[in-house]
Each structure stands twice: as C-alpha cells, then as structure tokens.
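**Student:** Working from the sequences, and respecting the hints, build out all of it.
In case you want the letters, here they are:
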Amino acid sequence: MPTKLIINCETGEQTEVELTSEEIAQREADAKAYEAEVKAKDAESVAQAKVKADVLKRLGLTENEVKALLS
Amino acid sequence: MANTYTLINSATAGSGGVASFDFTSIPQTYTDLILTISARSSRTTGGTDGLRLEINGSSANFTYILLDGDGSSAQSAPGSSGLVAQLPQAGGSPGYTANTFASTSIYLPNYAGSNNKSFSIDTTTENNAISSYLDLIALFWSQTAAISSLSLKSTTANNLVQYSTAYLYGISNS
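One line per chain: the protein sequences are D and V, in this order. Note that my numbering has the first sequence beginning at 337, numbered continuously upward. Note that my numbering has the second sequence beginning at 120, numbered continuously upward.
Keep in mind the hints are simulated off the structure, nothing from the lab. In this text the structure is predicted, and so the values were computed from the model without any measurement. Yeah, the Cβ is synthetic: ideal placement off N, Cα and C, and Gly gets one too. Don't take every hint at face value.
Listed next, with one range per pair, are the computed distances between beta-carbon atoms [stated by the list, open to error]:
#1 A372/D with T131/V: 39 to 47 Å
#2 T123/V with K386/D: 51 to 59 Å
#3 N400/D with P197/V: 57 to 65 Å
#4 A385/D with N180/V: 37 to 45 Å
#5 Y226/V with A372/D: 41 to 49 Å
#6 T347/D with S157/V: 34 to 42 Å
#7 A385/D with P197/V: 17 to 25 Å
#8 A248/V with T347/D: 22 to 30 Å
#9 L126/V with K386/D: 47 to 55 Å
#10 T351/D with N234/V: 46 to 54 Å
#11 Q194/V with L392/D: 13 to 21 Å
#12 E380/D with T131/V: 20 to 28 Å
Dumping the calculated SDA-like pairs for lysine to any residue here, alpha-carbon to alpha-carbon at most 20 Å [said to hold, decoys possible]:
#13 K368/D with T356/D
#14 K368/D with S178/V
#15 K377/D with Y286/V
#16 K340/D with G188/V
#17 K377/D with L185/V
#18 K368/D with A179/V
#19 K377/D with S192/V
#20 K377/D with S177/V
#21 K340/D with T131/V
#22 K388/D with S192/V
#23 K368/D with G165/V
#24 K340/D with S134/V
#25 K375/D with D187/V
#26 K375/D with S129/V
#27 K340/D with Y286/V
#28 K340/D with A365/D
#29 K340/D with L355/D
#30 K377/D with S267/V
#31 K377/D with S199/V
#32 K403/D with S191/V
#33 K368/D with T163/V
#34 K368/D with G198/V
#35 K340/D with S129/V
#36 K340/D with T143/V
#37 K375/D with S134/V
#38 K375/D with S268/V
#39 K377/D with G188/V
#40 K377/D with N292/V
**Tutor:** Here you go:
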C-alpha cells in the first residue's frame, strides 16, 4: 500500500500513513488526466510537424535550406 | 544566508519511497516560500515521469507555461496541471543513470495573500548521458485562498524513491 509523508510545519511532527482507497482512486484519476494531456500535446506536435513538412514541400525547400535563409 | 531565509521543515523519503510529501499547517507569518526538491520516480515504463504540486489539497485550477531544453532541442508548451518538474526514473525512454535525481526550486511569493498565486520554477534532471532536461516553468494557481498546505507527488501515480528530499523555507521581507 502506498504511503504519504505528512510534515506538520506547526509541530514539526512527521508521520507516514497509508493512502486511503479514495486517495488511491484520485491518484489514478490524476495520472490518467496527465497522460491524456501529454498525449494531446504529442498529437499537436505531430500535427505541427506535418504542416511544416507540407509547407516545405510546396515551397520546394529542405529544412536545412530554410535554416540557411533565416540565419 | 540572510536571516530572513528560514528553514520551516524538511522531509526525506524512507525505504520503499513515498507517494507524496505533504507539508501541512504552513505558518502564515512569512512573505514568500521557497520549496527545494531532490526527487526521483519509481516508474519503470513509459517516458519521463513528472512531479506535480497540489495546494490546500487541490489539484485543480492550475495552468503553466514551460520552456524546456533537452540537449538537442528546445520547446515551449502550455499545460493545465500543477507540473513543477520532470523526474528521472528507472526505465523507459529516455533512460536515466541509476541513482540520479532531479533538482527543483519553486518560489512562491505572497503565499498568504488573497490574490491568485503565481510561482516560478527552475528544474533539471540529472543524467550521465547526452539527453537531460532543463526547464523553466511559470505556474499559476487561480485561487485566492492563502496557502496552508503543499503536496508533491508523481504525475503518474508512482512513488518518489528513497532519499528523495523536500525542504520548505520561509522568506521574510524584513
């Protein structure tokens, strides 16, 4: 069972306690939400890369040629 | 160090690691807070794990802008979680050198005030390899409540491994 370390800043007391079933469920839900956010970002990056590649193709330029033009 | 920079409390993960560090009953007597963290995730699959912040028991109402460099490329990205760091982990891609930890510093100004809260974060992973992350993060918590508790936990429901540490400091402006 996962535990959390509680640090009471008023008393200085530290206690390690097991997560409740509700806390474990919330932990899993938060992890799924984060993974969904990462996947959405990855999909956006892939889409942007495709747009960039399509534009370069239409212009008839390579990525290195564009870098040279902009440097 | 100036005498206005005061250690409030610290924590170290013991054997087996912990799911979170929870600082509670934070005194409201300082001007700002600084949280410094050294942490590694127990995650063994997938990509790099993340470290996220919860305030007063809530993981909601966060937004951030991240500026990230990994040794070969840089990117900027927005997000809507309390992300404060990327953590080395045992497996997955990119792999990290054994026993390396991420170093993170979070500055929390006017934490006891009644305005929305904004934080600045600098963090880096440690890795004996070409790829390693260096991030600057602007984190925003759109809530006006004074901050009385802070929790740090993995974004992927994994543990912070043994010897991970967190230090909470209070900063006074006088």
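**Student:** A separate judgement is required for each hint: does it hold in the structure or not?
**Tutor:** A quick look at each hint next to the structure:
1. A372/D with T131/V: 39 to 47 Å: 32 Å, violated
2. T123/V with K386/D: 51 to 59 Å: Given range 51 to 59 Å: holds, Cβ gap about 52 Å.
3. N400/D with P197/V: 57 to 65 Å: Hint violated: Cβ distance 29 Å, outside 57 to 65 Å.
4. A385/D with N180/V: 37 to 45 Å: For A385/D and N180/V the Cβ distance comes to about 32 Å; the hint is violated.
5. Y226/V with A372/D: 41 to 49 Å: At roughly 29 Å between Cβ atoms, A372/D and Y226/V fall outside 41 to 49 Å, so the hint is violated.
6. T347/D with S157/V: 34 to 42 Å: Given a distance of about 24 Å, which is not inside 34 to 42 Å, the answer is violated.
7. A385/D with P197/V: 17 to 25 Å: 18 Å, holds
8. A248/V with T347/D: 22 to 30 Å: The hinted range 22 to 30 Å is violated for A248/V and T347/D, with Cβ atoms some 43 Å apart.
9. L126/V with K386/D: 47 to 55 Å: About 50 Å separates the Cβ atoms of L126/V and K386/D, which means 47 to 55 Å holds.
10. T351/D with N234/V: 46 to 54 Å: Given range 46 to 54 Å: violated, Cβ gap about 32 Å.
11. Q194/V with L392/D: 13 to 21 Å: 19 Å, holds
12. E380/D with T131/V: 20 to 28 Å: Violated - the Cβ-Cβ distance for E380/D and T131/V, about 38 Å, lies outside 20 to 28 Å.
13. K368/D with T356/D: Roughly 19 Å separates the two Cα atoms, so the pair holds.
14. K368/D with S178/V: 13 Å, holds
15. K377/D with Y286/V: 32 Å, violated
16. K340/D with G188/V: Violated, because 31 Å separates the two Cα atoms, which is more than 20 Å.
17. K377/D with L185/V: With a Cα-Cα distance of about 12 Å, the restraint between K377/D and L185/V holds, given a limit of 20 Å.
18. K368/D with A179/V: Given that 20 Å is the threshold and the Cα spacing comes to 14 Å, the pair holds.
19. K377/D with S192/V: The given pair, whose Cα atoms are some 16 Å apart, holds under the 20 Å limit.
20. K377/D with S177/V: 23 Å, violated
21. K340/D with T131/V: 11 Å, holds
22. K388/D with S192/V: 16 Å, holds
23. K368/D with G165/V: 13 Å, holds
24. K340/D with S134/V: 13 Å, holds
25. K375/D with D187/V: 17 Å, holds
26. K375/D with S129/V: With Cα atoms ~34 Å apart, K375/D and S129/V exceed 20 Å; violated.
27. K340/D with Y286/V: 16 Å, holds
28. K340/D with A365/D: Holds - the C-alpha atoms of A365/D and K340/D are around 17 Å apart, at most 20 Å.
29. K340/D with L355/D: Holds. K340/D to L355/D sits at ~7 Å (cutoff 20 Å).
30. K377/D with S267/V: At roughly 32 Å apart (the allowed maximum being 20 Å), S267/V and K377/D break the hint.
31. K377/D with S199/V: It holds: about 11 Å lies between the C-alpha atoms, which stays within 20 Å.
32. K403/D with S191/V: Distance of about 16 Å is within 20 Å: holds.
33. K368/D with T163/V: Distance ~17 Å between K368/D and T163/V Cα, so the pair holds.
34. K368/D with G198/V: Status holds; Cα separation ~15 Å.
35. K340/D with S129/V: 14 Å, holds
36. K340/D with T143/V: 12 Å, holds
37. K375/D with S134/V: 33 Å, violated
38. K375/D with S268/V: 30 Å, violated
39. K377/D with G188/V: Judged against 20 Å, a Cα distance of about 16 Å means the pair holds.
40. K377/D with N292/V: Distance ~40 Å between K377/D and N292/V Cα, so the pair is violated.
Going down the numbered hints, you'll see the structure goes against 1, 3, 4, 5, 6, 8, 10, 12, 15, 16, 20, 26, 30, 37, 38, 40, while the others check out.
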